[in-house]
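Student: First to last, the sequence lines map onto chains Z and X. All letters in the first sequence, in the order written, are residues 1 to 562 by full-length UniProt numbering. All letters in the second sequence, in the order written, are residues 1 to 562 by full-length UniProt numbering.
No lab work stands behind these hints: they were computed from the structure. Keep in mind that the hints are not guaranteed to be accurate.
Since the list gives no way to pick one copy over another, a pair counts as held whenever it fits inside one copy or between any two copies.
Claimed, not checked - List of simulated lysine-lysine pairs, DSS-like, C-alpha gap at most 25 angstroms:
hint : residue 1 : residue 2
1    : Lys508    : Lys3
2    : Lys157    : Lys135
3    : Lys227    : Lys515
4    : Lys328    : Lys395
5    : Lys395    : Lys421
Protein chains: 2
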Amino acid sequence: MRKKIIVIGGSAAGPKAAAKARRMDEFAEVTLFQKGADLSMASCGYPYFVGGFFDDRNKLLCTPTGVVRDPNFYWDAKEIVAKVNTEVTRINKQDKTVEFTDVVTGEKGTQEYDKLIIATGAKANLPPVKGVGLKGISTLQSMQDADYLRKIRDEGKVKKAVVVGGGLIGIETVEALHLAGIELTMVELLPQLLTFLDWKMAKLVENYLKTKANVITKNGVSEFLGKDGKLVGVKLQNGTELPCELAVIAIGVKPNIDLARDAGIKIGEMGGIVVDKYMQTSDEDIYAAGDCCEINNIITGKNVLAPYGDLANLEGRVAGENVIAGNKVTFPGTIQTGVCKLFDYGIGITGLSETKAKEAGFDFVKVVNASPDKPGFMDGKLLVTKLLADSKTGKILGAQCLGPGDVSKQLAIWATAIKGKLTVEDMVNADLPYAPPFSLAIDHSVASAHILQNKMKGVFTGISCMDVKEKLDAGADMYLLDVRGADEYEETRLGIGETLIPLGVLRKRLNELPKDKEKEIVAFCKISLRGYEAAVMLKAHGYTNVKVLEGGIMAWPFEKEK
Amino acid sequence: MRKKIIVIGGSAAGPKAAAKARRMDEFAEVTLFQKGADLSMASCGYPYFVGGFFDDRNKLLCTPTGVVRDPNFYWDAKEIVAKVNTEVTRINKQDKTVEFTDVVTGEKGTQEYDKLIIATGAKANLPPVKGVGLKGISTLQSMQDADYLRKIRDEGKVKKAVVVGGGLIGIETVEALHLAGIELTMVELLPQLLTFLDWKMAKLVENYLKTKANVITKNGVSEFLGKDGKLVGVKLQNGTELPCELAVIAIGVKPNIDLARDAGIKIGEMGGIVVDKYMQTSDEDIYAAGDCCEINNIITGKNVLAPYGDLANLEGRVAGENVIAGNKVTFPGTIQTGVCKLFDYGIGITGLSETKAKEAGFDFVKVVNASPDKPGFMDGKLLVTKLLADSKTGKILGAQCLGPGDVSKQLAIWATAIKGKLTVEDMVNADLPYAPPFSLAIDHSVASAHILQNKMKGVFTGISCMDVKEKLDAGADMYLLDVRGADEYEETRLGIGETLIPLGVLRKRLNELPKDKEKEIVAFCKISLRGYEAAVMLKAHGYTNVKVLEGGIMAWPFEKEK
Ligand SMILES: Cc1cc2nc3c(=O)[nH]c(=O)nc-3n(C[C@H](O)[C@H](O)[C@H](O)COP(=O)(O)OP(=O)(O)OC[C@H]3O[C@@H](n4cnc5c(N)ncnc54)[C@H](O)[C@@H]3O)c2cc1C
Ligand SMILES: Cc1cc2nc3c(=O)[nH]c(=O)nc-3n(C[C@H](O)[C@H](O)[C@H](O)COP(=O)(O)OP(=O)(O)OC[C@H]3O[C@@H](n4cnc5c(N)ncnc54)[C@H](O)[C@@H]3O)c2cc1C
Ligand SMILES: CC(C)(COP(=O)(O)OP(=O)(O)OC[C@H]1O[C@@H](n2cnc3c(N)ncnc32)[C@H](O)[C@@H]1OP(=O)(O)O)[C@@H](O)C(=O)NCCC(=O)NCCS
Ligand SMILES: CC(C)(COP(=O)(O)OP(=O)(O)OC[C@H]1O[C@@H](n2cnc3c(N)ncnc32)[C@H](O)[C@@H]1OP(=O)(O)O)[C@@H](O)C(=O)NCCC(=O)NCCS
Ligand SMILES: [Ca+2]
Ligand SMILES: [Ca+2]
């Protein structure tokens, strides 16, 4: 008897599971139900289609050799019956069937399964405000959304748009629409963009984004303003009205769990389908994979929503194998590694942010390293990394990285380090691939480990920009010591009451420092490498309260004098 | 009493050790002896200066903010006495002094140390053949060499050059001189370039290099031909004469150990100074770091020469700390990670090649994965990875990677995975940073792990290009099955007697396959993804001897019909 496998959902996790099930069993009957018209959509590519990185929408739907993954492809190449425009409306656990409806013809049907895989993904959240149904308001969640926004680009008529929500998709949408020649305003309810980052890192993103678009934080949408059913503006909670012809809503996604919940399958606290390490749900014949699930965060042990395309594929692969072979393979969970591009910046995180590490009760040390990815003579570009490690074990807990430099490599290194349970000490002498076109002799990641090692040893006492700013605002009496060259000082400076004494003359000019050797001194330079050297020297000369401004001027997120 | 620290060698390991010693002890007397005129040379950048990536030679010698690291800098910023043009001629272990000579004035001196660090680096090997002293013959090992070759670029007179030696520096030199508009021939004595790679991977490099330069392997230089003391040609061992006005010799480096050996310090079997994990030599007051040492290969436990700039810095940092603090920090050794750029290709390795794994007695599994670094719609570029893992534990042993794709990220991932002792199973579900501008949803590294996992499970039975070629040459009776589309077949094909049956029609045309179900079938496509799917299917249909051509057509290093 041929095994009957049904997969619900035809984007990433579903097709992957179906394809893997087929490879595991050439003779199983595999059916894939997909509500929409398309299959195998590379959703993550929508912003790049909208932004004009390429023009052929089929590239989002096809194999690397250019064959569109339509039902014919699925049948011919994989002998999978892919039913598009077909919504599964009910799962009957008892008799192991699903009910479905052809959304075009309205025809209904029922089909039996031995094993079922739910891969229904997630849907975009919408704000519950007036006017949200107006023409000119969209999300960027489906192929249809992508087509709609791409058409706006091609027509070139829209002049002003508002993107609601400063998350990953919102950020990518701003880039895409900016590249379409549209004037953008991003509106975010929370005090920062990209909430997976810590505030200061997010602030650096915001500062950069402001060179391309208007950014409004701590302000939500109270109403979409319309005329003749068409959007004409967005009204904010503080009363401001932003005239625009287009608004894209990107305020996060929610797992599609109605089917599962109605069938009595267990839903978790995070709102996703609960699965074990085999991707098996509370029903032993039903598996789930992708954005519809909640999965284990490997570091905290807590369930999280991790709606990422790579994980959807990996989870689908595990589910696809297990429905055929029994529970043979496992999915270990996530460290919530994510990255996005914003014009010339890469931005991302792996593991825990400071906020998340605190929530999870970790006792941690952290550092910010601002330094280039490559030598100056190879046109090195700035990277800013915030690295967290467990105070006791030194185990890496998380890394945030952003800037015009090679961010994705840095994150890949840290993601692999976390996977390997590596410590700061391990990374201090990591043997990475070095050549000038690719990195510094001491790679940015290794330098970050060096600085954090120094901190853990008490050689480097850091102070964050935020703490300095707070203290300054509270009128604290600190001695701020800029140890750069005079030329650098003329070019740019913080202007927060600092004294300039270049590192090269500092030993000769120690007498100019505060007489009170216990006074708080904050040393810095462009990236705080020389700031660190100065601090080490001053400590040796008896100053007892010397700190280094972490990340230096390059990581300063506030206004500068110059 | 101030501690007296002497460092011999002023390029990478030496300055790093001196600088670290200073940070460890503000009051130590630190002296750096450097034979040449320059300090802190970024040797790894020489090829890019010669190749015209930048014009200012001082960029090779300066800090990120543009200050040349000359003796003034060392004194002002670090209170290190840097004696340039000063060769240390003798180490007297007993009375703990060094003797030195000013190479310009001939003046001699003696200086005491409490702790000594030897960082004398390595020197270029020269072939013992006639004419090697002719004008027009150079190495690319010193700043002077770089200046010499750069002048040749700027003058634009040299038309033809020969690079002797196909190692890392030879490869980079070919690129540099090619960019200078010179017609290049590379000559390599061994049967392959880049001997740290396995033959087939090196062959792919050779094929690519041949699009830019002439490449001659298995042929050494027998004589440099001169006229009036000037090079006019290179004569090879097979008698061929290559007319040229310039020859660059890059046949490897040898540790500078004369000083150490003469002082009775232990030299190892590999020809480098022997150090323990503290970078301490056989004399407890003498440490060594950088290219002059041999160090532990972490995977094999054997000593190796690893003349890499990143390691020189890391080793120097350890030595610099230990001479002050006692043996507090350790250097764990190397996995011999290296990378280089060759025009649009990145090329490198981390861990063991197949050759080295065999030598070390490992029982390993391996796979070749040829696939893009990013989606096609984001202009993804090809990567070819050869991955090795221990047969029993699945622990990653090594990865070679090359191609126009993002090689350095792949190597960084594998280097970190090796450091973390990760297995194939671990990497199968690695949570890496994914977004279309940076990678595929299933990153190339993760895909490599998937394929190797499949091999280990016996789902994927691979056969290497070399084995297929050998069998074909020996007249073996195999059924070669190309499962690509007809259009792809028309564009390019191996032409080794294969039959084309596209994957999408294979199930319908099973009757065209050999009747003998035990016959050897080798399935392939462009990268052997579809080849794998075909093989899985055929096995299910009873074919017992089905293999997949690893890496597919993209990894085929031999001639193709088309
Ligand atoms: C604009 C955008 C950019 C993104 N960028 C990235 C990125 O850079 N990196 C990253 O890792 N992730 C990114 N993501 C997230 C990634 O696309 C998702 O994680 C991934 O698509 C999830 O796959 P899935 O198969 O679980 O769910 P989905 O892609 O949501 O697919 C589920 C499918 O199931 C169908 N379905 C639902 N219910 C039913 C039903 N009852 N019957 C039949 N069919 C049903 C839906 O119509 C849908 O097509 C991005 C997403 C978007 C929208
Ligand atoms: C062209 C080129 C490209 C390279 N590319 C890369 C790359 O991409 N990646 C990579 O990792 N590595 C690369 N390397 C290797 C890297 O440059 C070396 O590993 C590194 O420079 C070693 O540093 P070191 O300080 O140990 O030795 P060296 O750089 O050799 O310096 C030793 C110094 O000691 C001096 N000295 C020797 N004896 C005495 C004495 N008796 N008295 C006083 N001074 C003395 C020498 O004059 C020399 O300046 C490259 C090297 C070259 C030449
Ligand atoms: C592609 C898709 C249909 C899955 O189908 P699939 O048949 O598993 O396709 P893949 O290309 O991923 O891999 C096929 C097999 O070839 C293997 N493979 C990949 N490259 C290979 C190579 N160079 N040589 C040999 N085998 C290879 C894979 O490991 C996989 O086998 P396994 O899962 O049994 O290990 C599904 O993931 C999909 O629709 N994706 C598009 C949408 C998407 O991912 N969206 C979210 C991100 S934008
Ligand atoms: C640069 C060189 C002089 C070493 O001197 P150094 O003072 O150790 O200089 P570095 O810039 O590496 O680092 C200085 C210190 O600042 C720290 N640091 C680096 N970036 C920092 C940042 N953003 N914030 C705070 N500290 C930082 C480092 O960790 C290091 O301290 P530590 O070793 O005590 O941990 C020596 O390596 C050299 O001459 N290099 C050039 C030649 C070379 O490397 N050639 C081979 C490759 S081409
Ligand atoms: Ca991820
Ligand atoms: Ca290395």
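Student: Hint by hint, note whether the structure agrees.
Tutor: Structure-based check of each hint:
Taking the shortest Cα distances, Lys508 and Lys3 sit within 25 angstroms of each other only across copies (21 angstroms), while inside one copy they are farther apart (83 angstroms). Taking the shortest Cα distances, Lys157 and Lys135 sit within 25 angstroms of each other inside one copy (15 angstroms), while across copies they are farther apart (68 angstroms). With identical chains, the CA atoms of Lys227 and Lys515 are never at most 25 angstroms apart, being 69 angstroms at best within one copy and 72 angstroms at best between copies. In this assembly of identical chains, Lys328 and Lys395 lie within 25 angstroms of each other by CA distance solely across copies; the values are 20 angstroms between and 30 angstroms within a copy.
Taking identical chains as interchangeable, the C-alpha atoms of Lys395 and Lys421 lie at most 25 angstroms apart whether they share a chain (6 angstroms) or sit on different chains (15 angstroms).
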